[in-house]
Structure formats: structure tokens, C-alpha cells
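Student: From just these sequences and the hints, can you work out the full model?
One-letter residues, chain by chain:
Number of protein chains: 2
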Amino acid sequence: MNEVKVIEIKKSVFAENEKDADALRQELKSKGVFLLNLMSSPGSGKTTTLIQLINKIKDKVRIAVMEADIDSDVDAVKIKKATGVPSIQLHTGGMCHLDAEMTRQGIDNLDLNEVDLVILENVGNLVCPAEFDTGSCRNAMILSVPEGDDKPLKYPLMFTVCDLVIVNKTDVMPYFDFDLERCKTNIHQRNPKAEVIPISAKTGDGIDRLATWLLQEVNVDKLRC
Amino acid sequence: MNEVKVIEIKKSVFAENEKDADALRQELKSKGVFLLNLMSSPGSGKTTTLIQLINKIKDKVRIAVMEADIDSDVDAVKIKKATGVPSIQLHTGGMCHLDAEMTRQGIDNLDLNEVDLVILENVGNLVCPAEFDTGSCRNAMILSVPEGDDKPLKYPLMFTVCDLVIVNKTDVMPYFDFDLERCKTNIHQRNPKAEVIPISAKTGDGIDRLATWLLQEVNVDKLRC
Chain A
862 MNEVKVIEIK KSVFAENEKD ADALRQELKS KGVFLLNLMS SPGSGKTTTL
912 IQLINKIKDK VRIAVMEADI DSDVDAVKIK KATGVPSIQL HTGGMCHLDA
962 EMTRQGIDNL DLNEVDLVIL ENVGNLVCPA EFDTGSCRNA MILSVPEGDD
1012 KPLKYPLMFT VCDLVIVNKT DVMPYFDFDL ERCKTNIHQR NPKAEVIPIS
1062 AKTGDGIDRL ATWLLQEVNV DKLRC
Chain B
862 MNEVKVIEIK KSVFAENEKD ADALRQELKS KGVFLLNLMS SPGSGKTTTL
912 IQLINKIKDK VRIAVMEADI DSDVDAVKIK KATGVPSIQL HTGGMCHLDA
962 EMTRQGIDNL DLNEVDLVIL ENVGNLVCPA EFDTGSCRNA MILSVPEGDD
1012 KPLKYPLMFT VCDLVIVNKT DVMPYFDFDL ERCKTNIHQR NPKAEVIPIS
1062 AKTGDGIDRL ATWLLQEVNV DKLRC
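Chains A and B, in that order, are what the protein sequence lines are. With our numbering, letter number 67 in the first sequence gets 928, and the count goes up by one each step, no holes. With our numbering, letter number 166 in the second sequence gets 1027, and the count goes up by one each step, no holes.
Zero decoy hints are in this set.
With the Cβ distance kept under 10 Å, some of the chain A side facing chain B (calculated, not the full set):
(1) 902
(2) 906
(3) 936
(4) 953
(5) 957
(6) 1004
(7) 1007
(8) 1008
(9) 1015
(10) 1016
(11) 1030
Straight-line C-alpha distance at most 25 Å; calculated BS3-like pairs for lysine-lysine:
(12) B:1045 - A:939
(13) A:921 - A:1063
(14) A:919 - A:1063
(15) B:939 - A:1045
Between beta-carbon pairs, the in silico distance windows are:
(16) B:1077 - A:969: 47 to 57 Å
(17) A:916 - B:920: 48 to 58 Å
(18) B:1042 - A:1038: 26 to 36 Å
(19) B:1083 - A:1054: 53 to 63 Å
(20) A:1035 - B:945: 26 to 36 Å
(21) B:1040 - A:916: 22 to 32 Å
(22) B:879 - A:1035: 44 to 54 Å
(23) A:1053 - B:884: 44 to 54 Å
(24) A:1021 - B:884: 32 to 42 Å
(25) B:1057 - A:1021: 30 to 40 Å
(26) A:1035 - B:890: 40 to 50 Å
(27) A:1021 - B:942: 20 to 30 Å
(28) B:975 - A:1069: 56 to 66 Å
(29) B:1049 - A:887: 44 to 54 Å
It should be emphasised that the hints constitute simulated quantities derived from the structure, not laboratory data. The C-beta atom is built at its ideal place from N, Cα and C for all residues, glycine as well.
Tutor: Here's what the structure looks like:
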């Protein structure tokens, strides 16, 4: 059965997003749930990356996925079909980002007693999602090779707020003018602490390293609680 | 000299964007100036496409370019250097789109007596720019092959408001699961009237057809005035 729950998200009436985000983060910590907020441009390979990553670690942690999209449910169906983990679709009603209250509306539809790790696939957009704290424990983003190694210079806030930058589609690097070292320099200019992990979601290259990073972060976060 | 004018755009205090857009459109028409609003995801190749296109038609029409970006001026400098046409940079101050009032702030910095065609390169984002009428005569967007042929299903409004969809990076089509016919079907599901022009800004393929489309639209629009 590939049916997935679809939730029509309502925009928060409160401008107090930071407060909402901190409250959600504390609540998730108290329940031992780690929330990863995954952002990127449209077409960077978020869903394919998630499928590879989830299939690698789903025997070690209990995972649920929340897929934010403007109005389709293509991604949630695809994730559920390919990995078997619970997956819900959040419809943003045309909105370009998720805030903490909108994220909570998704979280409230999960059984947190059955989950260690929630992965939120944010709306495909390098601008607005970076401006709103969702209440996540960590922020990650995917930059794909065809987008170019100059993106950290042009979308500075996105790269500043991310703990992890996944460089995807390394298999097509020979066909593009993309220099991984120049890309790392540009990322670290925005955020010296950012972890950078090159992968190819298509071939599976780098997924082991990505899985190791995520499992370690989940454990580190639990120890901190 | 590669210095370009950089304008810090202020957000419109009026919510009456449609009215502002219609007023700007009428004003531009009365002065015989055609405004093209070009949108896309980050990294789809907007600037490279513009350079190819401008060099093809700059002897036939007098062109100026307005480059919207969050805070860099990389693109305006690049356009000016590669084409010689007047190019100004609009800094959106972190904002994810341009509205009509913001577009006017750019237009006011051009000498309209010296220009037939103004090309506005909007912020790289498939969501927000589609929601705001800039006052343009035509809307165009670039979808690049690596982003995938399903994007019209996931970002419906963008494809609905565009008169032209440029499918860029066709030179790398063999390395991606991208079906041009499926893409056209998806685009026309959103917008049956949309013109679709496949190009490779890298090799120059399709630029002639793109140039023909734009010159024709500029002339058609002038006849209508």
C-alpha cells in the first residue's frame, strides 16, 4: 500500500518563530527524537539521497519522514514505497518554506514513541527555508554539482545555517565546470564549521560516510539531552 | 571597466502589487520598452544563457540587464564584461523575489530613451518569484536538465505564469533520466500555451530559436502598443 497521509499546513499566526522552534526542539529532545531539516534547490536529488540513506540506516534507528511540497504527494509515496518507513506529506499551500509551527503540525501526526529520527524534507528553495528555524536538531542541505560551486557566494544564509553540506551528483562532475576544493572554500567562507560530504545518490558513492555522520549526530544529541 | 551599479532595493510598503505592476507595464509600453522577466532555480544557467542570447541580438535591439541577487554582484559584472550591454545589480536584501515596486526601483536607474529591451534576471527560486507580477511584458523561466522533467508537477504556479520555458543543459541529457517529451507534457498540463525551447547555453544549441522568439515577441508587443 502506497497511500500516505497528506496534511494541509496552515500558516502560523504568530511571528514568534524562534520561541516556537526552541519549544519544539526541547520537546523533541525530552522524547529522545532527533529532527533533521534537509534543504536544497529543486532537483538537487533530496528524495533519491534520502532513499539511499534510509535504506542504509533503518535497521539501526527508527525513522519517519515528513515531505514538504507545494501540492503534490509524489515524494512521500516514493519514500514509503522504496524504504517502508512511515512517510507523511506536508502541503504548504503554495508557501515557500516551513516554520516551527508548521513543522509541529507534521510532528503531531507522528507517533513519537515509535521514532528516533525524523527527517524533514523542506521545500525546494535556497532562500526562504534558511530564514526559518524549524525546531530541528541539525540543518543539512544538498548542493548538486550541476548547480555550480559558486552557490555559497550567492545564497549565503543557507550555507551559514547548515551543519552539513552534501555535495550530490559527483558522478557527473566530469561534464560540469565544478571544482570540489573551490566549492569547499566557498562553503567554509560562509561557515567554517560546516561538514562537507560529497556523494552520488545515483551510484551510492559517499552514502556510507553520510550514514556515519547522521548516526553519530543522533547519538551525540541523545547524550546531550 | 567592469564596475556595475548596485542598488539596494527596499521592500514595497504597499500590498497593491497588481496595480503597481499594471502601471509599470503601461508606462514601459508607452515608452516602447519591452520587459522580460526571467526566472529559474539556482544554478540553471540563467547568466550563461543571457550572455549567449544578448550577444546574438544586441545588434538588432538596444538591451539593458537588471540582475537581482541577494547580496553579490557577480552576475552583473559577468554580463557587462561578456556582452558590453548596460547591466545593473539589484540587491534584494535577503528577499526571495522581486515585486513591481522593486522592479521599478531598478527601471528608474536606466535611461529608457536608450533601451528597447530590459531583461530582468529574477532571484533563483521556483516558488516566490512566480507569485509576484513584476510588471513585465512576458515571463520566461529556465528549467535545466539535471533538475528533472517532473518539476512542472512540483512547482505548478511557476510553469502556469510563464509564456516561455527554456530547457537548458540539453548537452548533458545522456547522463540524466530526463525525457524531453515527458517534460513538455508536464509543462503543457500546467500551461497549454507555453512555448518550450530546448537549448544548451554551453554549446550554443537552440540559441538561434530563442533569439527569434524574443525578437518576435518584442516586435509583437510594440505593434500592440
